[in-house]
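Protein chains in written order, with the numbering used here: chain F, 1 to 729; chain L, 1 to 448.
Keep in mind the hints are simulated off the structure, nothing from the lab.
Don't be surprised by glycine CBs; every beta carbon is placed ideally from N, CA and C.
Worth double-checking, as some hints may not be accurate.
What the hints assert, rightly or not - Going by beta-carbon spacing under 7 Å, a handful of chain L positions derived as facing chain F:
no.	residue
1	A18
2	F19
3	L22
4	S44
5	L171
6	H261
7	F268
8	L287
9	T292
10	S294
11	D322
12	W423
Claimed, not checked - Cβ-Cβ distance ranges computed for the label pairs, FRET-style:
no.	chain 1	residue 1	chain 2	residue 2	range
13	L	V112	F	D67	54 to 62 Å
14	F	Y398	L	P345	40 to 48 Å
15	F	L375	L	K377	29 to 37 Å
As the list claims (entries may be wrong) - Listed below are several chain L residues computed to face chain F (Cβ distance under 7 Å; list not exhaustive):
no.	residue
16	A75
17	L285
18	Y425
Letter by letter, the chains look like this.
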Amino acid sequence: MVELLQEPILIHKRKKKIDIAIEQSWSKIAPFWPLKNLIAVNPLAGFEDLPFEEALTKGKAYFQEADLPLPMQSVNRETIKWLQAFFDEGQAVIGMPMRQNGLFQAVRHLLPYDNRLWPKDNKILTWLNHLPEDPLEVIPDCLNFLEITGEQQEKFLSLLLTTLPGWAAHIQYRTSWASGADLKHNYPVQKADYLALRLLLTCLLWPSAKELLGWHEQALKKAGTKSLVSNMHKAERLYRQSLLQKLTTQSLQQSEEPDAQLVFCIDVRSEPFRRAIEAQGRYETFGFAGFFGVPVSIENDITGESHSSCPVLLQPAHHVTEYPLCNRDSLKKEHRKWQSFQKLYQSLKYNFTTPFALAEALGLASGLSMLKRSLWPGKRLSVPHSHDWKPNLDSISYEQQCNYAVNALRMMGLTSHFAPLVVLCGHGSQTQNNAYATALDCGACGGRHGAPNARILAAILNNVAVRLHLKQQGIHIPTLTHFIAAEHNTTTDEVALYTAEVPGEVMPYIEALTTDLQKARLQNSQWRSAELGLELDEQKAKKHTATRARDWAQVRPEWGLARNACFIVGPRTLTKQINLGGRSFLHSYDWKQDNDGSSLTSILTAPMVVAQWINSQYLFSTLDNTAFGSGSKITKNITGKIGIMQGNASDLMHGLPLQSVYMNDREPYHEALRLLTVVYAPLKRIDAIISAQNILQKLFGNGWVTLACIDPETHEPYILQRDLQWFKA
Amino acid sequence: MVQLLNNIQLYFHVDALAFVMLLLVGIVGLSLMAFSSRYLKGDSRYRKFFLTLTALIASVFIMVTADHIVLFLVAWGCSDLLLARLMVHKPNWRAARASGWLAVKNFAVGWVLIGAALGLLYFQTNETSIQQLIHATYDPTILTIALGLLFAGAMTQSGLWPFHRWLISSLNSPTPVSAIMHAGLVNGGGFLLARFAPLYLETPKLLTIVFAFGLVSAFLGTFWKLMQNDIKRMLACSTMGQMGFMIMQCGLGLFPAAIAHLCWHGLFKAYLFQASGSAAQEKRLDLGYPPTLSDFAVALLCGFAGAYAFAVSSHKSIFVADTNFFLVAIACVASTQFALSILQPLTWKRITIAFFSTTLVGTLYGLSVFCIEVLVKPLNIMQAQELNSIHFIGLGVLVFCWMAVLFRRHGAQPAQQSDLESWTYVRMLNASQPHEKTITTHRNHYQN
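Throw the hints in and build the complete structure from the sequences for me.
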């Protein structure tokens with residue numbers, strides 16, 4: 001009787017312990033977003049609780065080991081095979097059976113048929129045929145079989161994840177970060193599913209896998225990162241000293257009344273372009289997170305497709321549909337036509353027998369098209385016409401609209417002195433045949449183009465009722481002032497202005513701005529061409545960047561956010577006279593308008609954290625492009641439409657490709673520096689914020705980000721030490 | 001030396017077949033040179049890559065024009081070695097080395113087989129000129145053995161089952177190398193058969209065997225292609241299937257059709273490899289399977305029209321029961337499929353559109369095949385064979401598989417799958433995996 005009672009309790013206890021071990025093992029894995037919206041992440045995000053140096057050492061032992069025990073490689077090979085099949089989002093026509101029941105159920109059903117795993121052993125086959133349905137039961141069973149007990153369990157589970165880090169990272173994304181439509185997936189996966197699969201394969205292929213623990217101990221012992229860190233320290237100090245010296249010598253003079261104000265994303269690529277447009281006339285520019293403070297998902301009325309368009313730290317709060325402003329019907333018809341054409345092609349390509357005829361019928365056309373795209377990449381056969389869109393704001397209530405308006409204007413410090421024209425400028429890239437295309441788009445918009453969000457905020461701020469509310473809040477927008485949306489093409493430096501519903505009296509400003517944007521484009525294209533290693537005159541540079549955007553063979557269409565190094569929070573006047581070399585995230589901030597520090601809190605806990613993710617992604621992809629980056633583009637292979645493998649099959653290569661951070665195979669273009677945040681605000685206010693925010697204590701205290709402050713009173717620079725004490729720089 | 005130079009034209013023979021191959025390799029080579037000049041920017045082996053690629057193209061030029069068997073064999077071997085050299089672009093990456101090594105072993109087997117075949121023919125005739133060899137008379141047994149060896153060599157080159165492993169394990173190569181491999185070098189098998197076509201046409205029984213082997217690869221390659229989860233292996237398996245079809249065309253005695261297929265597929269596949277970076281952006285659309293029977297019936301009628309148009313424009317008679325019928329039947333399947341995606345949902349307007357566009361496309365398709373056939377007409381290697389039961393089985397397999405994809409269960413899969421389906425899936429998945437040494441089983445084994 002007593003025994004009977006005790007048993008369930010024991011099982012219960014064991015289960016709980018295993019739950020904790022599972023959770024702990026997954027905490028080491030950073031997420032990896034799929035290709036359709038590549039979000040920069042810190043590949044060592046699982047070790048951010050540790051001081052930077054210690055995290056580097058751990059990272060080295062877990063992810064950078066040159067070799068792996070041979071039987072574990074077999075386990076990896078079989079894991080990759082099943083994961084490729086399971087996580088396929090539309091490559092294969094004949095898909096993995098039973099996928100809709102989830103990863104573990106599908107594999108549990110299929111493993112007994114896999115003769116590569118159990119050559120001529122009926123005992124194993126019987127075991128496979130009678131596996132428990134619950135992965136949480138399989139995990140302890142397998143651990144027992146492998147004789148891994150107690151404390152070792154968590155470590156062993158971690159190693160199962162870190163020895164195939166890219167795939168684990170994708171599953172981390174699917175199970176912890178996927179949002180919106182991606183959350184309700186047709187093919188569900190749980191964290192325990194994957195560990196159960198790994199353990200099953202390990203039991204089958206490497207019964208003495210306990211040795212992996214010893215292998216890892218060895219790796220930990222020899223992992224040293226001292227010289228790397230000291231070199232990095234030196235470079236960081238140099239950069240910091242020179243930047244702070246420049247910043248503290250600026251006189252913060254307000255310039256004359258501007259003709260137009262332009263708000264750009266904090267993205268480092270905005271900085272050189274802002275400099276270029278400011279040079280053309282009386283323009284004032286601001287930096288603000290590119291989703292313009294509106295957490296939305298966007299639906300395209302023509303295609304019916306929708307996506308989240310806000311930082312991944314937020315969940316979209318509204319679903320906004322965008323309608324084309326003209327010929328909706330003809331656009332829909334065009335879209336349907338294009339779809340039928342694609343259907344025609346796909347129906348012939350993805351079947352038996354018909355591809356033989358398809359290849360013969362399309363051979364000539366493909367040959368001609370291939371020659372054109374390879375020999376004359378810049379030539380465009382048809383000019384794509386862009387049209388203006390109008391968001392339907394019904395899903396955002398009046399109160400919420402007012403809220404978004406007030407918060408956005410306050411946070412960027414634009415509450416008075418409005419110019420007649422205010423441009424909210426999102427950004428996006430334009431590349432061809434580029435698997436990593438979305439890594440060049442707006443991170444604040446969840447790896448998408450930023451124009452829809454700009455259109456939403458512009459529509460809100462043009463709303464008379466909202467302006468009335470703003471007036472009550474002390475923000476007086478003149479009637480003459482008009483907000484328009486725009487999008488900066490970061491590959492060509494073209495700026496598209498969305499001006500369909502602009503009142504006539506603003507038109508002259510827009511015309512002048514259009515001309516000046518053209519000039520700014522020339523100037524910035526020239527500078528960017530030089531960064532790409534080509535000294536060209538302005539016109540040639542313009543042509544060159546446009547060609548890069550259209551070239552299907554181009555592996556470096558633009559440098560993206562490479563060389564990013566600092567995040568500056570303060571008014572533009574602080575940086576306006578300095579050439580920051582496209583290395584700075586610039587967030588506008590006026591400490592005088594933020595008495596309670598709430599704006600600064602938001603800036604440091606949201607945009608700065610995103611900047612740190614981006615910075616870490618570039619940093620680690622540069623330090624070790626194989627372990628943390630995705631290797632060269634020239635041998636890449638896209639699997640399941642979700643990610644990159646190298647060659648025939650490999651780990652899912654998360655991180656940036658070699659070509660995004662290296663000039664060539666040997667010389668990095670990106671400089672591996674940790675993020676330096678500079679805030680132009682009183683020390684005391686910053687201190688108060690840090691002591692209230694755990695994430696900031698973690699990032700600054702563990703040395704992931706260096707914080708510097710320029711005190712507005714004294715104009716003296718201070719630097720926050722690891723013990724969170726300030727010292728004068 | 002002077003004499004050698006004087007006689008140099010004796011070692012070469014440029015006929016229509018060589019001309020077509022020169023054109024194909026020239027166009028693909030030119031395009032890939034331009035592509036790679038930007039795609040490989042910054043690569044530490046940039047110069048070496050271009051030198052090797054140039055040498056490869058030159059070597060293929062010599063191979064397709066060579067008339068002396070020794071020159072031919074040397075050029076064939078050189079081309080393959082240069083290709084393997086290009087495949088191992090990253091020599092520190094062990095998986096890439098394994099891919100190259102696997103290819104070299106396969107090519108070596110092929111080279112020995114072809115060498116043996118040419119040796120046999122040489123000892124029978126004492127001729128070293130291929131042109132002389134293909135018009136000589138032989139002892140039938142010896143001829144069959146020689147042509148069998150030659151065919152086996154062709155199979156190694158074209159990645160046909162059972163010599164397919166190297167091809168589907170070859171994707172550790174840079175993208176442009178895959179492109180030239182799939183557009184150029186794997187076609188070597190088809191070229192070889194076409195070159196010796198006059199002899200093959202004398203051995204109809206062997207042609208049927210050729211057809212049967214082609215069918216196996218066409219089936220397996222397409223099946224595997226449909227179940228691959230990554231873009232490049234999908235393309236590789238697809239090539240295997242396409243090569244199978246090309247060999248089937250050879251087996252039907254329709255060598256010019258095989259050459260047409262080789263050219264058009266080469267360009268098509270080269271394009272797809274270069275464009276493989278866009279795979280994630282391609283969204284699969286719901287194709288409305290399974291079609292209703294009335295849709296299918298109307299589509300079939302349009303398909304007949306398309307097939308008829310194909311037959312007329314490619315100058316094939318559909319009223320004679322020879323192997324040309326086979327190609328017309330394939331055109332009929334493709335036309336039906338084409339019409340089907342226009343026909344849903346069924347309206348009179350759509351029926352009209354489907355009918356006319358299918359006829360038009362059938363005509364264009366026929367013309368594209370016909371223009372290559374005209375080019376190689378002087379070789380007189382278009383000799384349709386009598387239809388036999390193997391041909392009908394082959395046609396049956398191809399039509400059945402096509403219909404099976406159309407009409408199989410779609411949409412929400414059942415919670416339980418039949419054992420046979422699961423068994424087939426797992427076995428086929430395993431069979432289509434690359435050689436294990438060519439998989440990067442530990443991330444840090446990848447070496448740039």
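Hints, verified against the model:
Restraint check, L:A18 versus chain F: the minimum CB separation of about 19 Å is more than 7 Å; hint violated. At its closest, the beta carbon of L:F19 sits 16 Å from a beta carbon of chain F; the interface hint therefore is violated under the 7 Å criterion. Using the Cβ-Cβ criterion of 7 Å, the hint placing L:L22 at the interface with chain F is not satisfied: the shortest such distance is roughly 14 Å. The beta carbon of L:S44 comes within 4 Å of a beta carbon in chain F, closer than 7 Å, and the hint placing it at the interface holds.
Look at L:L171: its Cβ gets to within about 5 Å of chain F, closer than 7 Å, so that hint holds up. With a least beta-carbon distance of about 6 Å to chain F, the hint placing L:H261 at the interface is held under the 7 Å criterion. The closest approach between the C-beta of L:F268 and any C-beta of chain F is roughly 5 Å, which is under the 7 Å cut-off, so the hint is satisfied. For L:L287, the suggested interface contact is upheld, since its CB lies about 5 Å from the closest CB of chain F, less than 7 Å.
At a threshold of 7 Å, the smallest CB-CB gap from L:T292 to chain F is about 15 Å, leaving the interface hint violated. A distance limit of 7 Å between C-beta atoms decides the matter here; for L:S294 the minimum to chain F is near 18 Å, and the interface restraint is violated. The criterion of a C-beta within 7 Å of any C-beta in chain F is not met by L:D322, whose closest approach is roughly 19 Å, and the hint is violated. Here the hint on L:W423 is kept, as its CB sits about 5 Å from the closest CB of chain F, short of 7 Å.
Checked against the hint of 54 to 62 Å, the C-beta distance between L:V112 and F:D67 comes to roughly 36 Å, which is inconsistent with it. For the pair F:Y398 and L:P345, the supplied restraint of 40 to 48 Å holds, since their beta-carbon distance comes to about 44 Å. A C-beta distance of roughly 31 Å is found between F:L375 and L:K377, which places it inside the suggested range of 29 to 37 Å. At a threshold of 7 Å, the smallest CB-CB gap from L:A75 to chain F is about 24 Å, leaving the interface hint violated.
Nearest Cβ of chain F to the Cβ of L:L285: about 5 Å, under the 7 Å cut. The hint holds. The closest approach between the C-beta of L:Y425 and any C-beta of chain F is roughly 5 Å, which is under the 7 Å cut-off, so the hint is satisfied.
Consistency note: the structure conflicts with the earlier hints numbered 1, 2, 3, 9, 10, 11, 13, 16.
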